[in-house]
Every structure is written in C-alpha cells, then in structure tokens.
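Trainee: Residue numbers (our numbering), protein chains in the order written: chain A, 1 to 232; chain B, 1 to 287; chain C, 1 to 233; chain D, 1 to 320.
Just so you know, the hints here were simulated from the structure itself, not pulled from any lab data.
Note that the coordinates shown come from a computational prediction; the quantities given were computed from them, not determined experimentally.
Possibly wrong hints are sitting among the right ones.
Label pairs and their calculated CB-CB ranges [claimed, not checked]:
| id | chain 1 | residue 1 | chain 2 | residue 2 | range |
| --- | --- | --- | --- | --- | --- |
| 1 | B | Glu-93 | A | Glu-111 | 41 to 47 angstroms |
| 2 | C | Leu-62 | B | Ile-274 | 38 to 44 angstroms |
| 3 | D | Asp-140 | B | His-213 | 24 to 30 angstroms |
| 4 | A | Ser-54 | D | Asp-140 | 46 to 52 angstroms |
| 5 | D | Val-307 | C | Lys-108 | 42 to 48 angstroms |
| 6 | B | Glu-126 | A | Leu-123 | 53 to 59 angstroms |
| 7 | D | Leu-173 | C | Leu-62 | 48 to 54 angstroms |
| 8 | B | Leu-277 | D | Thr-12 | 55 to 61 angstroms |
| 9 | C | Met-132 | D | Trp-281 | 35 to 41 angstroms |
| 10 | A | Asn-9 | B | Glu-93 | 29 to 35 angstroms |
| 11 | B | Glu-93 | D | Val-307 | 25 to 31 angstroms |
Here are the simulated DSS-like pairs of lysine-lysine, each with C-alpha atoms no more than 27 angstroms apart in a straight line [to be verified]:
| id | chain 1 | residue 1 | chain 2 | residue 2 |
| --- | --- | --- | --- | --- |
| 12 | C | Lys-18 | A | Lys-126 |
| 13 | A | Lys-126 | C | Lys-170 |
| 14 | A | Lys-228 | C | Lys-140 |
| 15 | C | Lys-108 | C | Lys-209 |
| 16 | A | Lys-194 | C | Lys-209 |
| 17 | C | Lys-53 | D | Lys-111 |
| 18 | A | Lys-173 | A | Lys-147 |
| 19 | D | Lys-148 | C | Lys-130 |
| 20 | A | Lys-228 | A | Lys-179 |
| 21 | C | Lys-140 | C | Lys-170 |
| 22 | A | Lys-170 | A | Lys-147 |
| 23 | D | Lys-312 | C | Lys-125 |
| 24 | D | Lys-188 | C | Lys-112 |
| 25 | A | Lys-147 | B | Lys-163 |
| 26 | B | Lys-90 | D | Lys-314 |
| 27 | C | Lys-55 | A | Lys-227 |
| 28 | A | Lys-228 | C | Lys-215 |
| 29 | A | Lys-228 | C | Lys-177 |
| 30 | D | Lys-314 | C | Lys-125 |
| 31 | D | Lys-188 | C | Lys-53 |
| 32 | D | Lys-111 | C | Lys-125 |
| 33 | D | Lys-188 | C | Lys-108 |
| 34 | A | Lys-113 | A | Lys-4 |
| 35 | A | Lys-194 | C | Lys-151 |
| 36 | C | Lys-108 | C | Lys-127 |
| 37 | A | Lys-201 | A | Lys-173 |
| 38 | D | Lys-111 | C | Lys-55 |
| 39 | C | Lys-53 | C | Lys-182 |
| 40 | A | Lys-105 | A | Lys-62 |
Beta carbons: idealized from backbone N, C-alpha and C, even for Gly.
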Amino acid sequence: MMLKIESLNAYYSRLQALFDINLEMNKGEIIGVLGPNGAGKTTLLKSIINVEVSKTGRILFKDVEITTLPTHKIASLGIYYIPDYGGLFPGLTIIENLQLAANSKYVSIDELKEFYPPIIDLLNRKADSLSGGERKIVSIIRSIVVKPELLLLDEPTEGMAPVMVDRTIKLLKKLNEEKNMSILWIEPGAKIRKVLEIADKILILAAGRIVYVGESEKALKEIDEIKKYLFI
Amino acid sequence: MNLEAFLTQTLVGLYTGSFYWLLTLGLTLIFGVTRIVNFAHASFFVLGSYLMYTFYIYTNNFILSLSAATITTGLIGVIFEITLIRRVYKIEEMYQLLLTLGIALTLNESQKLIWGTSPKYINMPELISSGVAIGYTNISYYSIAVISIGLILFIIIHIVINKTLWGLKIRAVWRDNIMAQALKINPYLIYTTVFFIGIALAGFGGALMIILHPVGPGVGDHLIIYAFIIVVIASLGNITGAYITSLLIGVISSLATWLAPEIDIVIIYLITIIILLLRPGGLFGER
Amino acid sequence: MREILRVENLSKSFGKFKAVDNVSFNLRELEITVLIGPNGAGKTTLVNLVTKKLKPDQGRILFMGRDITNLNSYQITRLGIVRTFQIVNLFPTLTVYENLKVAALGSKTDNKEIEMIMSELRLDKYKDVKVMNVSFGVQKLVELAMALLLKPRLLILDEPAAGLPREDRKNLMRILKEIGEKITLLIIEHDMEFVFELAQRIMVMNRGKIIADGKPDDIINNSIVREIYLGES
Amino acid sequence: MNKFLRDINIITILILSILLGLISLTGDRFYLYISSLFMIYSLYALSYNLLYGYAKLLSFGHGMFFATGAYITGLFTLRIFKDPLIGLLISIISTIPFALLIGYITLRHTKVYFAILTLALSMFVYAILIKWRDVTGGSDGLVGIPKKGVIVDISSPQLNYLFILIFFVLSSLTLYLFINSSRGLLIKALVNEERLLFTGHNVLVIRLYAFMISGVVAALSGSLYAVFMSVITPDIAYWTFSAEPLIMTLLGGSDYYLGPLLGAAIYVSLTTALARFAEYWMLFLGIAMIAIIISFRGGVLGALILVTTRLKDKRLKTSK
Chain A
1 MMLKIESLNA YYSRLQALFD INLEMNKGEI IGVLGPNGAG KTTLLKSIIN VEVSKTGRIL
61 FKDVEITTLP THKIASLGIY YIPDYGGLFP GLTIIENLQL AANSKYVSID ELKEFYPPII
121 DLLNRKADSL SGGERKIVSI IRSIVVKPEL LLLDEPTEGM APVMVDRTIK LLKKLNEEKN
181 MSILWIEPGA KIRKVLEIAD KILILAAGRI VYVGESEKAL KEIDEIKKYL FI
Chain B
1 MNLEAFLTQT LVGLYTGSFY WLLTLGLTLI FGVTRIVNFA HASFFVLGSY LMYTFYIYTN
61 NFILSLSAAT ITTGLIGVIF EITLIRRVYK IEEMYQLLLT LGIALTLNES QKLIWGTSPK
121 YINMPELISS GVAIGYTNIS YYSIAVISIG LILFIIIHIV INKTLWGLKI RAVWRDNIMA
181 QALKINPYLI YTTVFFIGIA LAGFGGALMI ILHPVGPGVG DHLIIYAFII VVIASLGNIT
241 GAYITSLLIG VISSLATWLA PEIDIVIIYL ITIIILLLRP GGLFGER
Chain C
1 MREILRVENL SKSFGKFKAV DNVSFNLREL EITVLIGPNG AGKTTLVNLV TKKLKPDQGR
61 ILFMGRDITN LNSYQITRLG IVRTFQIVNL FPTLTVYENL KVAALGSKTD NKEIEMIMSE
121 LRLDKYKDVK VMNVSFGVQK LVELAMALLL KPRLLILDEP AAGLPREDRK NLMRILKEIG
181 EKITLLIIEH DMEFVFELAQ RIMVMNRGKI IADGKPDDII NNSIVREIYL GES
Chain D
1 MNKFLRDINI ITILILSILL GLISLTGDRF YLYISSLFMI YSLYALSYNL LYGYAKLLSF
61 GHGMFFATGA YITGLFTLRI FKDPLIGLLI SIISTIPFAL LIGYITLRHT KVYFAILTLA
121 LSMFVYAILI KWRDVTGGSD GLVGIPKKGV IVDISSPQLN YLFILIFFVL SSLTLYLFIN
181 SSRGLLIKAL VNEERLLFTG HNVLVIRLYA FMISGVVAAL SGSLYAVFMS VITPDIAYWT
241 FSAEPLIMTL LGGSDYYLGP LLGAAIYVSL TTALARFAEY WMLFLGIAMI AIIISFRGGV
301 LGALILVTTR LKDKRLKTSK
C-alpha cells in the first residue's frame, strides 16, 4: 500500500473543502483525480503534504502515519509535490533548482537529458524566464533528481500547448515505468480523455466529495455518465 | 575646506559605517529568511560589547574575549529564537515587531541591571594609538582593520549565499518556503542557523566597537534607529544595499558632524525622509 | 442594446507569462454575459484589470463612453462598476449590518435601503452578528447585498456559485435572474449547468485570449470550445 | 450585545469621571498627581489605539504628536501669550496641518515600513528639539510653563486637576462617539483595505483622517502634560516614549475602547507602587509585553471578558 487516506475532512479557514475522503493507492499505480473548479482537488494534495489546510482523518504513506508530520519530513519519506505553478524557485537558475533537489552541488544531467533533451539549454536560465509550460515540465524532470516513490501533481498539463501535453503525459508514463514512481495526478475535468490514456484508475471529485471511482477501462465505457459529474 | 580633514572624516565615517554594517547585515539576513524585523538587534549588538568588556576583564586576551563574546551573543540569540520568536513566524508581522520590541526592552534593561548605568569601555592604547598619520590626525590601524573586516565579511557572505549549497537553501526558503519544504529542506533549521549567524555578527560588531567607543544605556536605543533607517533606505532584505547604505550613512553623518555639528543628526533624518518620499521601496528595491 | 463597457487591446503579463493577451470586447446593457475558460486562462486577471485591482500593461477601458483606464479602483466603483471576489472578501470583525453600511456609505445610499436588502436576501436575523461568525452561504449573500448597495450599473461576479451546495446555487440563480433585469451582469463561472441556465451571451477565454464569443447554443457547438472543455477533438 | 457594550462604555467613562471628580475634593496632592497623570496618559493611549486597534496602523512615532502638543503650548504661553487654555487650543489647531503632513509622508507605506518611517520622523522631531537650542531650550527643554494666565488661572492644584478632568471627560466621550459614527465605521473597515477600495472609498483619505484625529488627541494630552508639569524636556519625543502608549494599549487590550484606559490605569498605579524598583520598571514592561504577545493578545480587559463569558456559559449549561 503506497498511500492510504481514511475519512479525511479538510478545511480552508472556516470553509470545509473536503468531505470524508477515502482513498487507497497501490505501489506503481497512476491515479487521476478529476473535477470542476472548487471541487477540492488541490486541497487533497495540500492535505497530504500538510500545508495551509486544517484537517481531520488519517493519512498513511507506506503504512506510516503522516497526517500531522511537518512538510519537510513528509517529503523526506519519499513524496514529491508539484504545485500548479510548477514550483521552481524564481530568481534561481534551473541548475540551482536541480542542486536543491539533489541536496548537492553535483547533479548528473545525462539521465535528465534522456528524459527531456531541451533541458540542456535551460540549465543556466533563471526559472522565471521560462514559459509556464517549460517550468512545469522542468519541475517534473526535477523529480528524477528528487527520487520520490510518490509523485503528487497539480494540473501539470494545464495551460500547455497540445503538443506539450502529449509530451508531458508520455514523460509521466516513463517516470512511472522506469523510475517506478506512483503518481497521484490532478487535472480539470476537460482533460479526462488525456488522463485515461495512462491512468490505472480515475476518481472524480465534486463539491469536496468523491462521486466516482473506477478502473480506466470501465471509466472509458461510462465516460458520458462521468461527464455529468464534471458539469460538462 | 581642507582635504586632510575631509579625508579623516571620511575614514571615520567608513569605520562607523562598518559598525553599522555589522549591525544591519544580521538584521537583513534574518529579515530575508524569516520575514521578521528584529527590533532587538541593536540590543544584541550592545550585549556583544558588554560581554567583550566582561570577558576581557577576566582573560585580558583580546582575541579570546572577542570570539567568546561573539559566540555567546549568537547563542543567546538562538535561545530567544527557539523559545519565543519561533512562535510568531506564522502570525501578523505587527505582532512579530512587537515581540522583538519586548525583547529589546528586556535585554536593554537587564543589561542596565547587570553592568550598571555608567558607560563601560576597554582601554587598549596599543591597539588604537599606532596608525597612519593623515596630516595632523592619526587614523589607527584598528579602525582600518574594522573597515577591512567589514569588506571581507561582505565578500564572504556573498560567496556563502551565492556559491554554497547552504546559501542556495537559504535563498530557496527566502523565495518559496513551501516548495523548499517539499524538497526536504527543514526551514526551522535554516531559521535558527540564520539567527545564530545574524546575531553573532551583531555581537561581533559590538565587541569590536567597545575598543573605540564607551558603551552604556541608551546606546542600543540609538543604534536600532540607525539600523532601521539604513535597512529601509537600502530596501529591507537587500544585502548589497545594506552594505553600501551603511557606509554611506556612516560617511554622511561623520561629514555632517564636521561641517554642521549643530544640525548633524537632523541631516540624516532629513535625507532618510527625502529618499523614502522619492523611492518608497528604498534605493535597492527589487519590486 | 446600448454598449456599456468597451475594452480595447488590454494586455497584462507576469514575467514571461501573458495572463491577458491583447483582449478586446464590449458589453451591452442589461445583457447577462458569462465568461468561461479553464484555470489560468486569465478570466480573473481580466476582471482585475477592468476594476483596476491590477494595472494593465497596455490597452484602454471605456465605461459608458468615458475613458476609465487611469482611474483608481474606488473611483471606478463609484462610477458604477462593482465586483465581488472569488474567495469571500468582507470585513470579518464587523457585523453584517456594518458591512452593508460601509457599502452604503460608498454610494451615499440611505439606511432604509440597507434594511430593504437585508429583508430581501433574508439577512435580518444576522444583522448584528460579526461576519466571521456566519456561514459561508450567508457570507456570499452579504457579498451580493454589498454589491447591490453600491448601486452598480455593471456588476461583475467572480465565481458566485463556487463552494455553494446545490440548493443554494438554485437560490442564487433565481436572485441573479431578477438582478439581471435591472443591472448588466458579467459573471465568471465554471458550473456549466449554472452557466447555460443564466447566460444570454458566453465569452470563452483560453491562454489569455478570448477564443469564442456568442449565444450559448453557438458556443456549445463550437469545436474549439468542445476541445478545451470536453477534451474532444 | 453591541448596544449594551456601547452603553457600558459611556457609563464607565461617566462613573470614572465622577470618581475622579470626588478625588479632587480630597485635595490630597498625591492622589491629585497620580490621577492627573492617569488622565493624561489615558488620552495619549486612547489616541494611540485609534491607530493601532481601529485603523490597524502600528506607529512607533506617536510621541512626536505628544511632544509637539507640549512644546507648542509651552512656547506659545512662554513667548507669545501667557495663558494655558489659549496655548492648549493653539497647539491642538496647529497639530492638524502637522499631522496631515506627517500622515501624507508615512501613510503611503504600510506595516513595517510605516512603523519604521514614523519612528524616523519622530526622531527627526527629537533631533530638532535637541539641536534648535535657542528656541526649544535644547536638552534642558522648557521651564516655567505658566499655569496662571490672562484668561484662566489654574495655579491651584485642584483647579489644574479640574482643568485636566474636563478635557479628559470631553475628549474621551467625543472620541468614543466618533468611533461609533459612520466615519469611525470606515476606520474600523480598514481591517480589509482592498475591500474598502472596492466599496468606493479612498483608503488613503480614511487613513489620513484617523491619523489626524489621533494626532490631535495626542497633542491635547501633550499640552495638558506641559501645563501640568510646567517643565518639559525632549525625552517626550524620543522613540521610547512613543512605545509607552503602545504598551499601555497592549496591557489593557487593544480590541476594546476602554482597553487603553485600563492599561494607563495599570501603568500609572504600577509605576507609583513600584517606584522603589524604578530601575526594574522597563524590564517588567518588556517581559509583560512578551508575555502578552506570546500568550494573550486580548490584554487584561480581553482576559476579563473571556472569563466572564465563560462563567456565563457555565451558568447556562448548569441551568439546562
């Protein structure tokens, strides 16, 4: 069991954003979480890494309870969170961003090159000089250096050109297979078909509740019904 | 107007400025990383002076007392960080400022109780007598040393911040605390070390200063104002700015005392106000 | 229908990222326009530019023929462009009544109207309760009441239904329809049900540009929109 | 609840004034002295809390208004026209443009920058008071500020006391009514400046307004102080003196109108009670401040109210 969430309720200040969420994720799985805005997708990730939200319930990572651990401890256990803005440090160069991830001044680029050749030209550029899409991809590439077992992605393909989207999705599959990272992956409802290309399982959030869970094949058959949940 | 006097005053200004720098460097580092404006910083500076005084009385060894004073001050700073300041990182900055003000009052007053109200100084003629003569006046090697130390520190800090991994972590926390944690960096460790360094530097400055200037009650109250003026003009959190502005204010004030003694401090405040009217973000403001 | 707002070549970038990219459009009086689009498409930024929460890099904004590009938020509000916010944005330490009073003072409205609106929106029983102590739904209503007390000619609502349970959404929709007969509405919304129920005109934004603009039926059949929204191509 | 509180505030002020009035009858110099100080500091602290508690502006330079108030009264009565009352009115009037100027300079900045800028400006005033000897008397300050004037004569301690009492009652009530007026409401609304902007209000003007009122009341307390002491020194412009109303406010509780009053009461009574330990005094304040910020930001009054409500709840529960 990679990740286990038991009856999670999460709150932003006075507003409850998640209601009684239960989730089980096996090693090596890719789970897509879809839903309209304000459904609580991001809140789900933030509750896992324990930032900005107050919550009740239990969260276990590899059978270790991490519900109330400080974020950096959770990260050290092997969870890497990528926020919707990519999470590269502005003002720092890409290589510096990678050094931070490696916790060392020396980072071997060869492997990164293999996953994403263009990285070479970006190394010495400041993170904030990259386009939104580039930033997100580089942040995903950074995970190769971080070496997590579980990857938490917040809308990684949002605002990307279609070509980039496909590239990113291939990249995620590659990370999953070759770096055996399990991936909990958030996208807006519109991306459902893209998500289904590689996800083992999808899960629909609406108004803070899980309204649908299903294996991808099953989901593909029921896609029209699912779209109702997504208000589209 | 005569050149010699001008040069002398400028040099005097430079070493006064270097003391300001030792004060504002820590203030800047701490603000940059923790977002806390440490009202008590000058009190730690003065604490450094007093400790130097006491250690010197017992050991009679300059270097030993200097290092002891520096480290002790830093450690006391850490104690305050862990026990008190750590509790207010996440709340309104108003309260952070108020807490450090409370700490400042506490420190200043306990210093009065421990070391009394009469000014204390260390008399080391051998250190300050020898020097280079500029015309009639004599600039001691000691004050020149102070200036050089300031410069060296400036360079070292830059290397540490921009070239080392640890400096990289500091910048990371500085920029995006949450992402830093997502990359396994423990921010509290960074905070505490930065507090130690920042406050140790203040203590170091204080310890150096007591050789040249007697230290007594009120010195802290006065210094914190200068420190604040400098960091605000330099734009809070900007290290290079803090260094340049410290020297600038040092020189300006010493020239002012020479040319217009009757209105010297008035000039400093006037300049501050004008600068902040023209450049609300300070001279070296990024955004 | 008379034109009430005209936006010409409005742009805003954050660093390299073009949040709003040379956008032009106009709003017609008493037409309910809904602005949709995926996250980060620039909808809220666009509203922030029009209401001067952000300063545009370039472009012109005209309100009822008058150039308001260089006015402050409070001046724009006084002219009659009123907005609500995505996350509830009120005076937490003040009572519901006091919150409304502040709005009333902003538009020189007298206290009678405060009472009226409070009873219309069934806020009376919370009159003297501090806003931070009332439910999220009520807070949303207070937002709306304040907006109305500001005597808007153009009312901009940023995700009014976000976070509201179904039944409240229905209630809100009813209220908005009534308002729409007296006041021009521009609404940012994601809940498609909500959108198609309410909209007389839909503008679709993506990557900082308006990529479609028209009657709801045209929009639903627009291929680009289907791709962006339904992931079909 | 709100109404009730409002009443209780006014009632408290009135009762307090009567008690203070009674004290004057005793004619006991000591009591007259400390209660005069209490009233002066109360006004000083009340004016401060208008900024801190209501307008959410943390100023470290409030002493500059207290000082200008005192010095203008002093200079005017010594140099131009020998009368405390006129001197007082003059200082109030001339503080208005001064406060507006300072406000204009500082209020574009917020939070820490505002705090530091007010600090610098008050030190600027201090520097002038020190340096401009032939006018301000430098560090010796002004001596022999007259109580006996052409129009009013308050040279007797009792009269001087009543003089202060009258201004205390009037201004503490007026300030309270002001805070509960619609202008006051806008000042309270500064808790959320962005929203205020989007309800068609010019935030800067509202801040300026609060700043001016607060400055004027501080000046009033300052000039009362000048007349009462008849000696003033530049210390009242030094930033540490600006910290005192802040401490009083925190002590009493900044969330309540009467908080600063309570704070001033505690402050004055402690300073006199602990006069023997004068040297420990600021130390005690420092520690108190730390304790308040760390443990209870509501101050003493906040604590009292919390306790009473707790008790009420208990009673309700038991009655059920």
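Trainee: For each hint, tell me whether it holds in the structure or not.
Mentor: A quick look at each hint next to the structure:
{"no.": "1", "hint": "Glu-93(B) with Glu-111(A): 41 to 47 angstroms", "verdict": "holds (43 angstroms)"}
{"no.": "2", "hint": "Leu-62(C) with Ile-274(B): 38 to 44 angstroms", "verdict": "holds (39 angstroms)"}
{"no.": "3", "hint": "Asp-140(D) with His-213(B): 24 to 30 angstroms", "verdict": "holds (25 angstroms)"}
{"no.": "4", "hint": "Ser-54(A) with Asp-140(D): 46 to 52 angstroms", "verdict": "violated (59 angstroms)"}
{"no.": "5", "hint": "Val-307(D) with Lys-108(C): 42 to 48 angstroms", "verdict": "holds (43 angstroms)"}
{"no.": "6", "hint": "Glu-126(B) with Leu-123(A): 53 to 59 angstroms", "verdict": "holds (54 angstroms)"}
{"no.": "7", "hint": "Leu-173(D) with Leu-62(C): 48 to 54 angstroms", "verdict": "holds (50 angstroms)"}
{"no.": "8", "hint": "Leu-277(B) with Thr-12(D): 55 to 61 angstroms", "verdict": "violated (43 angstroms)"}
{"no.": "9", "hint": "Met-132(C) with Trp-281(D): 35 to 41 angstroms", "verdict": "holds (38 angstroms)"}
{"no.": "10", "hint": "Asn-9(A) with Glu-93(B): 29 to 35 angstroms", "verdict": "holds (31 angstroms)"}
{"no.": "11", "hint": "Glu-93(B) with Val-307(D): 25 to 31 angstroms", "verdict": "holds (29 angstroms)"}
{"no.": "12", "hint": "Lys-18(C) with Lys-126(A)", "verdict": "holds (18 angstroms)"}
{"no.": "13", "hint": "Lys-126(A) with Lys-170(C)", "verdict": "violated (48 angstroms)"}
{"no.": "14", "hint": "Lys-228(A) with Lys-140(C)", "verdict": "holds (26 angstroms)"}
{"no.": "15", "hint": "Lys-108(C) with Lys-209(C)", "verdict": "violated (37 angstroms)"}
{"no.": "16", "hint": "Lys-194(A) with Lys-209(C)", "verdict": "holds (23 angstroms)"}
{"no.": "17", "hint": "Lys-53(C) with Lys-111(D)", "verdict": "holds (20 angstroms)"}
{"no.": "18", "hint": "Lys-173(A) with Lys-147(A)", "verdict": "holds (15 angstroms)"}
{"no.": "19", "hint": "Lys-148(D) with Lys-130(C)", "verdict": "violated (51 angstroms)"}
{"no.": "20", "hint": "Lys-228(A) with Lys-179(A)", "verdict": "violated (35 angstroms)"}
{"no.": "21", "hint": "Lys-140(C) with Lys-170(C)", "verdict": "holds (14 angstroms)"}
{"no.": "22", "hint": "Lys-170(A) with Lys-147(A)", "verdict": "holds (18 angstroms)"}
{"no.": "23", "hint": "Lys-312(D) with Lys-125(C)", "verdict": "holds (23 angstroms)"}
{"no.": "24", "hint": "Lys-188(D) with Lys-112(C)", "verdict": "holds (22 angstroms)"}
{"no.": "25", "hint": "Lys-147(A) with Lys-163(B)", "verdict": "holds (24 angstroms)"}
{"no.": "26", "hint": "Lys-90(B) with Lys-314(D)", "verdict": "violated (33 angstroms)"}
{"no.": "27", "hint": "Lys-55(C) with Lys-227(A)", "verdict": "violated (38 angstroms)"}
{"no.": "28", "hint": "Lys-228(A) with Lys-215(C)", "verdict": "holds (22 angstroms)"}
{"no.": "29", "hint": "Lys-228(A) with Lys-177(C)", "verdict": "holds (24 angstroms)"}
{"no.": "30", "hint": "Lys-314(D) with Lys-125(C)", "verdict": "holds (25 angstroms)"}
{"no.": "31", "hint": "Lys-188(D) with Lys-53(C)", "verdict": "holds (22 angstroms)"}
{"no.": "32", "hint": "Lys-111(D) with Lys-125(C)", "verdict": "violated (36 angstroms)"}
{"no.": "33", "hint": "Lys-188(D) with Lys-108(C)", "verdict": "holds (18 angstroms)"}
{"no.": "34", "hint": "Lys-113(A) with Lys-4(A)", "verdict": "violated (34 angstroms)"}
{"no.": "35", "hint": "Lys-194(A) with Lys-151(C)", "verdict": "violated (46 angstroms)"}
{"no.": "36", "hint": "Lys-108(C) with Lys-127(C)", "verdict": "holds (20 angstroms)"}
{"no.": "37", "hint": "Lys-201(A) with Lys-173(A)", "verdict": "holds (14 angstroms)"}
{"no.": "38", "hint": "Lys-111(D) with Lys-55(C)", "verdict": "holds (22 angstroms)"}
{"no.": "39", "hint": "Lys-53(C) with Lys-182(C)", "verdict": "holds (26 angstroms)"}
{"no.": "40", "hint": "Lys-105(A) with Lys-62(A)", "verdict": "violated (30 angstroms)"}
In summary, the numbered hints that this structure violates are 4, 8, 13, 15, 19, 20, 26, 27, 32, 34, 35 and 40.
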